[in-house]
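As a plain string of letters, each chain reads:
There are 2 protein chains.
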Amino acid sequence: MKICKTISEVRNTIDLLRKRGKNVGFVPTMGALHEGHAALIRAARKECKVVVVSIFVNPMQFGPTEDFAKYPRPFEADCLLCEREGADVIFAPEGREMCAPGNDTCVVQERLTKVLCGKSRPDHFRGVLTIVLKLFNIIAPDTAYFGQKDAQQVLVIKRMVTDLNLPLKVATIPTSREPDGLAISSRNSYLSLEQRKDAVCLYGALCRARDMVTAGGRDAERIRAEMRRIIRSSRRVRLDYAEIVDAHTLDRIDRITGDVLVAVAVYIRTTRLIDNVCLTIDGKEILC
Amino acid sequence: MKICKTISEVRNTIDLLRKRGKNVGFVPTMGALHEGHAALIRAARKECKVVVVSIFVNPMQFGPTEDFAKYPRPFEADCLLCEREGADVIFAPEGREMCAPGNDTCVVQERLTKVLCGKSRPDHFRGVLTIVLKLFNIIAPDTAYFGQKDAQQVLVIKRMVTDLNLPLKVATIPTSREPDGLAISSRNSYLSLEQRKDAVCLYGALCRARDMVTAGGRDAERIRAEMRRIIRSSRRVRLDYAEIVDAHTLDRIDRITGDVLVAVAVYIRTTRLIDNVCLTIDGKEILC
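These protein sequence lines are chains A and B, in that order. Note that my numbering has the first sequence beginning at 54, numbered continuously upward. Note that my numbering has the second sequence beginning at 54, numbered continuously upward.
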């Protein structure tokens with residue numbers, strides 16, 4: 054496994070590998086790798102001859118009061134996980150290599166980025182799209198792998214790939230969960246033991262929503278109210294949103310008539326956690 | 054010469070040509086081709102094994118009151134010019150092929166797009182950048198050719214290529230001029246005989262500015278005032294701007310201490326014309 058710190062180094066490395074007619078799978082990450090990332094790398098390993106993992110804590114996707122500075126950066130453990138899962142190349146650039154002084158070009162979207170997490174994090178998706186596009190242009194993957202846990206991110210990136218005619222495929226991989234259902238996230242490490250117990254209310258709310266849809270519930274507001282009730286029953290959890298939206302457009306809906314994204318976001322003290330399930334009208338879980 | 058109307062067709066065509074180890078030169082145009090475009094195609098022909106010309110009147114770069122509808126579209130004459138200059142492929146997509154319903158991703162810049170033409174045409178460069186990036190992703194050129202006449206466009210596109218790590222080179226080709234100095238432009242065809250005579254004041258103002266710089270003039274405002282005087286002496290010409298800015302940042306300057314872009318824009322009735330020269334501190338013409 055090769056670790057590249059510069060853009061020219063990773064380009065040369067991948068060019069050499071690609072010359073032997075190999076297809077490239079790419080897993081962009083912010084490091085602090087866990088089982089969710091491991092599942093992405095395994096999916097890439099299964100489908101592609103070359104697997105590249107990027108590790109870059111993207112400053113552009115953090116708001117001014119968010120956790121950029123304290124975001125965990127356990128680089129050596131990350132390398133071990135990549136090695137264990139069979140990655141071929143790690144691209145781990147410094148901040149300056151990706152965000153040079155004078156950089157001024159951004160990728161923006163209107164519709165999909167104004168709702169859900171985009172409402173609470175106004176410049177988040179602009180930062181995600183810009184850096185992910187840069188990474189796509191550097192790595193030139195055939196397939197890029199993202200987790201269903203960040204469902205809105207997946208939709209926004211798929212939209213970009215379509216709109217900008219990027220020559221690659223986006224694959225969505227199911228959310229990895231702890232035994233009690235909590236979605237695995239690098240930010241779970243911020244939680245105290247007590248907070249960790251409270252955090253299970255996100256998955257609890259989603260399961261209740263899923264069960265209501267499976268049982269034929271079609272009134273979105275009734276299901277939202279039920280999710281809010283479940284989340285608010287955890288005293289230390291502050292609700293950001295509990296939403297049901299069209300799974301493709303992210304438009305808020307009144308009645309469930311097709312695929313929906315059921316999504317929740319909460320704060321536990323300063324830790325922001327998100328989770329979702331994407332459902333057919335019969336309550337069957339799908340990927341977005 | 055092959056004419057492709059769809060994205061998949063032009064991709065397949067270029068992929069086949071590239072497989073034989075050929076480098077691709079790309080000349081993006083809005084059609085209504087003239088000697089300026091011919092010079093771009095010739096430059097590409099000289100340097101590249103495969104030359105692709107795109108013809109697409111980009112609706113995104115026109116303002117709501119601008120000349121999108123009446124912009125000339127002499128497709129057959131354009132094809133003849135491309136053939137004559139030795140282009141291998143024309144990519145001429147319909148509007149829907151490039152701007153599909155639901156498209157929502159845009160490329161934006163702040164600094165370089167707020168001044169000069171960006172002031173009078175607020176969404177112009179967003180439209181240019183977005184469509185040019187799409188074309189780059191479709192054609193995947195090794196080198197793209199742009200004219201010095203649209204100097205701000207060249208700088209904005211070079212900025213995008215750097216910022217987004219696009220794997221291509223941007224080449225700038227000198228402005229082609231009529232015998233009396235008027236920069237050749239598709240929009241010159243809008244001018245009546247009288248207006249055509251007035252239009253020469255743009256180049257007149259630029260030459261005067263160049264002469265002043267060559268003679269050691271360093272006071273930018275004095276040179277701007279002189280350009281304004283020359284342009285205003287043509288009764289039917291309405292000044293948009295006559296500017297001297299830093300050639301790299303496009304920042305407005307008071308004193309000339311390095312390379313400058315001297316740029317003018319006017320309206321002759323509803324026809325908007327632009328022109329520029331990029332100068333060293335000694336008044337030598339350079340490309341931006």
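These are computed hints drawn from the structure, not numbers from a lab. Given the structure is predicted, the values throughout are model-derived calculations rather than measurements. Misleading hints may appear alongside valid ones.
Given that identical chains are not distinguished, each listed pair holds provided it fits within a single copy or across any two copies.
To be verified - With a straight-line Cα cutoff of 30 Å, these simulated BS3-like cross-link-like pairs (lysine-lysine) come out: (1) 337 / 123; (2) 222 / 337; (3) 337 / 58; (4) 102 / 55; (5) 55 / 172; (6) 167 / 58; (7) 123 / 72; (8) 167 / 102; (9) 102 / 250; (10) 58 / 172; (11) 222 / 250; (12) 202 / 58; (13) 72 / 202; (14) 99 / 172; (15) 250 / 72; (16) 123 / 222; (17) 58 / 250; (18) 72 / 167; (19) 172 / 102; (20) 211 / 102; (21) 222 / 58; (22) 250 / 99; (23) 75 / 167.
At most 30 Å between CA atoms: does that hold for residue 222 and residue 58 within a copy, between copies, both, or neither? both (25 Å within a copy, 23 Å between copies)
Intra- versus inter-subunit Cα pairing at 30 Å for residue 123 with residue 222: Classified as neither: same-chain Cα gap 33 Å, cross-chain 38 Å, threshold 30 Å.
With 30 Å as the alpha-carbon cut-off, assign the pair residue 250 and residue 99 to within, between, both or neither. Classified as neither: same-chain Cα gap 35 Å, cross-chain 68 Å, threshold 30 Å.
Using 30 Å as the alpha carbon limit, work out where residue 72 and residue 202 are close: within a copy, between copies, both or neither. Neither, since 34 Å and 39 Å both go past 30 Å.
Since the copies are identical, ignore which copy is meant and state whether residue 58 and residue 250 lie within 30 Å (CA to CA) inside a copy, between copies, both or neither. Neither, since 38 Å and 58 Å both go past 30 Å.
Under a CA distance limit of 30 Å, which applies to residue 102 and residue 250: within one copy, between copies, both, or neither? Neither: 41 Å inside a chain and 64 Å across chains, both beyond 30 Å.
Indicate which option fits the pair residue 222, residue 337 if close means a Cα-Cα distance not exceeding 30 Å: within, between, both or neither. Answer is within; shortest intra-copy Cα gap is 24 Å, inter-copy 49 Å.
Within a copy, between copies, both or neither: where do residue 337 and residue 58 come within 30 Å Cα-Cα? Answer is neither: 42 Å inside a copy and 41 Å across each miss the 30 Å cutoff.
Measure nothing new, just compare the shortest in-copy and cross-copy C-alpha distances for residue 172 and residue 102 to 30 Å and report within, between, both or neither. Close neither inside one copy (39 Å) nor across copies (49 Å); limit 30 Å.
Given a CA cutoff of 30 Å, do residue 202 and residue 58 count as a within-copy pair, a between-copy pair, both, or neither? within (28 Å within a copy, 39 Å between copies)
Identical-chain pair category, residue 167 with residue 58, by Cα at 30 Å: So residue 167 and residue 58 fail the 30 Å test inside a copy (34 Å) and across (34 Å) alike.
Go through the copies and call it for residue 58 and residue 172: within, between, both or neither, with a Cα cutoff of 30 Å. Neither way: residue 58 and residue 172 sit 34 Å apart in one copy and 40 Å across, limit 30 Å.
In summary, the structure is inconsistent with hints 1, 3, 5, 6, 7, 8, 9, 10, 11, 13, 14, 15, 16, 17, 18, 19, 22, 23 from the numbered list given earlier, while agreeing with the others.
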